[in-house]
Amino acid sequence: MSLWMLVIWTIVGCYAFKLAGYLVPARVLDHPQIRRLVELLPVALLAALVVVEAIADGRHIDVNGARLAGFGVGAVCVWRRAPFLVVVIAAALTTALLRLLLRSG
Amino acid sequence: MSVRRDSVGVGLAVGAYGFAFGAASVAAGLTVLQSCLLSLLAFTGGTQFAVVGVVAGGGSGGAALASGLLLGSRNMLYAMRLAPLLRVGGVRRLLAALGTIDESTAMAVAQPDAKDGRTAFWWTSACVFTFWNVSTLLGALAGSVVDPADFGLDAVVPAAFLALLAPRLRAGAVERRIAVLGAVLAGVLIPFTPPGVPVLAATAALLLSVRIRGEVSG
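From first to last, the protein sequence lines stand for chains A and B. Just so you know, we're using the numbering used here here: the first sequence kicks off at 296 and counts up by one. Just so you know, we're using the numbering used here here: the second sequence kicks off at 4 and counts up by one.
The set of hints was computed from the structure by calculation and includes no laboratory data. Here the structure is a predicted model, which means the values were calculated and not measured. The reader is advised that the hints may include incorrect statements.
To be verified - Pairwise CB distance ranges, derived in the manner of DEER restraints:
1) B:Gly93 / A:His326: 26 to 36 angstroms
2) B:Arg7 / A:Gly360: 35 to 45 angstroms
3) A:Ile356 / B:Leu98: 36 to 46 angstroms
4) B:Val94 / A:Val319: 14 to 24 angstroms
Cβ atoms here follow ideal geometry from the backbone N, Cα and C, with glycine treated the same way.
Using the sequences and the accompanying hints, generate a full structural model.
Structural data, given as structure tokens:
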């Protein structure tokens with residue numbers, strides 16, 4: 296699959312999901328079990344993504360100190376219920392500064 | 004009116020994060036145009052990051068698409084929740100669908116009355132859409148010139164996923180257990196499977212276990 300196909304199908308699929316919710320009568324898909332499964336799905340997905348994005352590089356476990364430290368700082372901000380933007384900036388700043396220091400040190 | 008002001012604030016905060024997406028996207032190998040199209044027409048942050056994240060890790064297009072669509076399926080639930088509130092038809096419905104994301108839904112359902120709910124939805128989706136797309140373009144252009152890693156943007160991705168995950172963790176013990184298992188499963192699978200698969204396999208395994216154990220009723 297080329298990148299263009301990936302982009303196009305991501306767009307089509309995402310929009311289809313959004314529109315479907317407006318078109319389908321709530322009764323049809325609003326079965327409590329299905330609803331619960333769909334609610335839990337992002338939990339599993341997001342948790343897996345956090346791990347993979349934090350410690351992996353392809354098939355290798357790549358524990359990059361600066362990135363992990365930035366992620367750690369971001370995680371603390373999330374735990375302290377900091378605003379989204381604060382989490383993002385704190386993580387980025389930490390990692391960038393550490394890299395700068397490690398490079399020049 | 005505080006609903007509008009809050010919507011602008013949310014739009015700014017979330018939209019600024021689009022900068023990281025733009026940079027991450029071009030770092031993964033997508034063009035500036037492809038990155039901008041994703042933000043314009045897919046317009047769902049978690050999915051966009053998941054897709055470029057799998058690509059960046061060397062994963063197949065199929066794995067990237069599957070991860071992205073699985074994550075994006077929650078927007079359908081949001082749409083179902085919003086439909087009776089917004090009462091849109093025709094072109095407005097097509098527009099409402101595009102704007103149906105975490106933040107616009109959350110702002111809409113948080114309002115005590117329906118009129119404020121509709122205001123919150125339209126203002127939040129419009130603000131997030133504007134800022135998200137402008138910052139995606141800026142981030143993609145910047146990422147084409149400088150290395151996003153120099154700005155620590157690679158740490159932003161897992162941190163942002165964690166920020167998306169956190170409210171769900173606070174929702175209950177089932178959620179926390181699933182998150183821990185998902186994280187461990189995915190981590191264990193990384194060295195043994197192609198990129199993109201750990202995320203999908205962990206998700207599939209957990210959904211199966213939830214069904215079998217009948218914890219669906221929560």
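Against the structure, the hints come out as follows:
{"no.": "1", "hint": "B:Gly93 / A:His326: 26 to 36 angstroms", "verdict": "29 angstroms, holds"}
{"no.": "2", "hint": "B:Arg7 / A:Gly360: 35 to 45 angstroms", "verdict": "44 angstroms, holds"}
{"no.": "3", "hint": "A:Ile356 / B:Leu98: 36 to 46 angstroms", "verdict": "44 angstroms, holds"}
{"no.": "4", "hint": "B:Val94 / A:Val319: 14 to 24 angstroms", "verdict": "19 angstroms, holds"}
Against the hints set out earlier in the document, no violation occurs for any number.
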